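**Q** What follows is each chain in one-letter form.
2 protein chains.
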Amino acid sequence: MSAAVDPRTGEALPLVAADSTEEEIDAVCARAERAGAELAAIGRYGRAGMLEAMADALEERRDRLVETADRETALGAQRLGGELTRTEFQLRLFAEVLREGSYLEAIVDHAGPTAMGPRPDVRRILRPIGTVGVFGASNFPLAFSVPGGDTASALAAGCPVVAKVHPSHPATCVLAHEALLAGAGASGLATAPVSLVFGVEAGAQLVGHAAVRAVGFTGSLAVGRLLADAAAARTSPIPFYGELGALNAVVVLPAAAAARAEEIGHGLVASFTLGVGQFCTKPGLVLVPRGVGGSELVEALVSAAGAVPAGVMLGPSIASRFSERVAEIAASPGIAVLARGGSPTLEGSASGTPAVVRADVGALRGIVLEECFGPMLVVATYDGAGELATLLDLLEPALTATVHAEPQDEGEARDVLDTLVARVGRIVWNGYPTGVAVSWAMHHGGPYPATTSSLHTSVGATAIRRWLRPVAYQDVPEQILPEELRDFPGAGASVPRRVDGMLVLPG
Amino acid sequence: MSAAVDPRTGEALPLVAADSTEEEIDAVCARAERAGAELAAIGRYGRAGMLEAMADALEERRDRLVETADRETALGAQRLGGELTRTEFQLRLFAEVLREGSYLEAIVDHAGPTAMGPRPDVRRILRPIGTVGVFGASNFPLAFSVPGGDTASALAAGCPVVAKVHPSHPATCVLAHEALLAGAGASGLATAPVSLVFGVEAGAQLVGHAAVRAVGFTGSLAVGRLLADAAAARTSPIPFYGELGALNAVVVLPAAAAARAEEIGHGLVASFTLGVGQFCTKPGLVLVPRGVGGSELVEALVSAAGAVPAGVMLGPSIASRFSERVAEIAASPGIAVLARGGSPTLEGSASGTPAVVRADVGALRGIVLEECFGPMLVVATYDGAGELATLLDLLEPALTATVHAEPQDEGEARDVLDTLVARVGRIVWNGYPTGVAVSWAMHHGGPYPATTSSLHTSVGATAIRRWLRPVAYQDVPEQILPEELRDFPGAGASVPRRVDGMLVLPG
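Line order of the protein sequences matches chains A and B.
Heads up: the first sequence begins at 1 in this note's numbering, then just goes up one per residue.
Heads up: the second sequence begins at 1 in this note's numbering, then just goes up one per residue.
Hints were generated in silico from the structure; no laboratory data involved.
There are no misleading hints in this set.
Pairwise CB distance ranges (calculated): (1) A:E478 <-> B:A233: 43 to 49 Å; (2) A:D475 <-> B:A330: 31 to 37 Å; (3) A:L15 <-> B:R321: 55 to 61 Å; (4) A:G117 <-> B:E263: 17 to 23 Å; (5) A:L503 <-> B:D475: 27 to 33 Å; (6) B:E22 <-> A:P309: 54 to 60 Å; (7) B:A190 <-> A:G117: 35 to 41 Å; (8) B:R34 <-> A:D56: 52 to 58 Å; (9) B:R321 <-> A:G117: 28 to 34 Å; (10) B:A422 <-> A:P309: 54 to 60 Å; (11) B:R34 <-> A:E328: 37 to 43 Å; (12) B:D56 <-> A:G117: 17 to 23 Å.
Bear in mind that the values here come from a model prediction, so they are computed numbers and not experimental data.
Ideal Cβ placement from N, Cα and C applies to all residues, glycine included.
Taking the hints into account, I'd like the entire structure generated from these sequences.
**A** Take a look at the structure:
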């Protein structure tokens, strides 16, 4: 494993660990299987307590975590502090999910006569799928990395985690891992439920390892697709949940442009430059209506974007890829550069300068419609509902789509919503796609290429479903059944269930 | 497409249709997209009515369907009549699932303050994934073919279906399709929600077609894996739900063998010879304890199996593959043939003769532990709990595992259950795995190679989840939201929901 780099200075940071060997990965996977047995043994309430202890242990290390992550990623103390709060919040949400118990999808069908003849007693529950491999992203060292939604939801499900350390923030990974193990230890676990492996080769071996039963991934389309293909090509294929990013179009309807031109222009700049544009939900394209409102909106956007200084990106290679991409798009036919932000504030840093470009309708294709990781926004103008529909048809599926509309836009807004909802995982209304709330209802996903598995989410309470598979028990005696499936479950095992077709809440 | 064969005579039946051309498949997929819009427009209640009308239309054609299917498959009028009843039952179950509405997994999180700061209003619901390709199996012409669990659950979800006609029962497919369209027409649909394509090439094109968003498949491991790989290798990969069959081990514990030797022996014979052993849930291996009970069980098994006549299998190629497999296993080291059933009753038929073989512990590997499609059962004897555990470790994941136990076996039964539950989709207690009840709780699936996707089922109410993907609506106005997500849904749109973390049943 090569050393990480300080993005602010370009200097190499101390090497954290050597690449994991095949033997080390075998040992880590064997340990994970033992941890899986312990996670099952402590039960739902035990795991809920463990997740809360992990949140506490992360909080105890807040200053060191934020400082370490900032040195490795340059994301800034404020953003990283918020990210850590988010991760702790998510761990506590899964504790709530575990105690509530609906996630088990318990169903009881008693034996009895049916139109098909007598039916046996059949009871269904979800069980952990086994060891989960987790690949975090460069842009969320605390929320989509060793700690984060994948790890929290997998542990909640009862699945041990083997995390591949991200090469751009290894020290953060090691420190966060120490916190997770402290939480596990405080909850009485003897075996580490989360382990780390280091190096590109280790990542590939993890996806192919017989003991690994599913993978969670957040990162680029190129790497995600490579690993997804490897997961599918295994002798025994496994689910691969890859969140690969998206263009995240924003559609401004005419009355909204007329009513809120400046507000939307400024809001878009705040959103596409947030975190130096390094969010998978960054808006990458805005479609504005031809006319006065649209022009004013673009004016406001351009003037605000020009005032945003360059920011330090996650690393020199990400920054240079961003600069190259902006240059390539700017040189494409039908593209005009409308605004560039201020120049770099630090010499030698991996800086990214905000860019706004206008694309003629004919230029909306190829790289102009692909995700650009960094603070760039493409603006295009549409002339009427017909042209807007044509432009929306050009878009690939995405994580989000945003609509700005006023009540007068409602007719058109319904058509636009119908089109967008068929190809994204989240619709944002009169807002901005950056910022993914952690809650029961949140869905963070979308049809390929937004993710490799559009049926599941990587954020929110339902993220746990990725790591669970159903098992049915036919005529199994009460005392051998999982407690939640018994006719008379103990107090702690009383969960919402469907009994003979009827949904029943616990007394 | 070559003509199907009458399995009883070996004679070719009239050719039903030529292979579909690429242009025809494009046209069928384009029509399916239009049908998808109609399925959405008629809503949950409209689709429920349509499924019931389809069940009625199948029932109206009962005699012709059973007769046609019997000519093509030789499965017999009784079995096929039951299969048709099952399919109609399943269509009506999904009508119930639709009206009940829990399958939408509706979640409402109102805007409000959180530990993370203010949260927007976020609401989540499941939406149809799009056009579904369905590949039926030779052994269920009415329940896992053009009509059946895949088609019923996909239509319920709001997904149009393009079904690849099975080459061994094309006339049955065409007749069943006519019934489904009659039901759709009676429900006011203008566009066919189910279409057929013919030929091997058409099947491959279907899996690769841009308009197809998911595939349901029931059939062999070889073909299933080939198509699953093709689905994963698409430019835009799609979920492939393949049910590929399994060995379905039966474990008899000592007290059960002592108490019910004859009953279990006879029960096993009835199960493994049912439908000439052509069930994906056929028990293929029984592990009996060393000792008097085990010996008596094997004696009863052998004597009952010897009295079962040969039966006509689904076709000559299936029958000859079965005979070759039995011969190959019989010739393996450590294998002794214990019983063969009676000889063929019809000259020239595709007959399969029941076979019971004993395998030494050392012979339990390779083809002896693979699914054998047809009436064959492998018997092995274990000596104590330790050896039983060793043998169970040799087994690949499966659709089912069965345990026969008496209360005195309980300690051992718990250990065996723990081992088995980690590698199958359904545990059967003191019963037999053939016969998969259609109900809310049923799970028909299992880790690979039992299926290509262990997270979902192809039988029972939850089979609908395969064709649905979540969408979150952030701050979308009440009147534009899907009705089930509104604060004040109409009477028909009132479904069980999670609201601000609490599960709420409709008034």
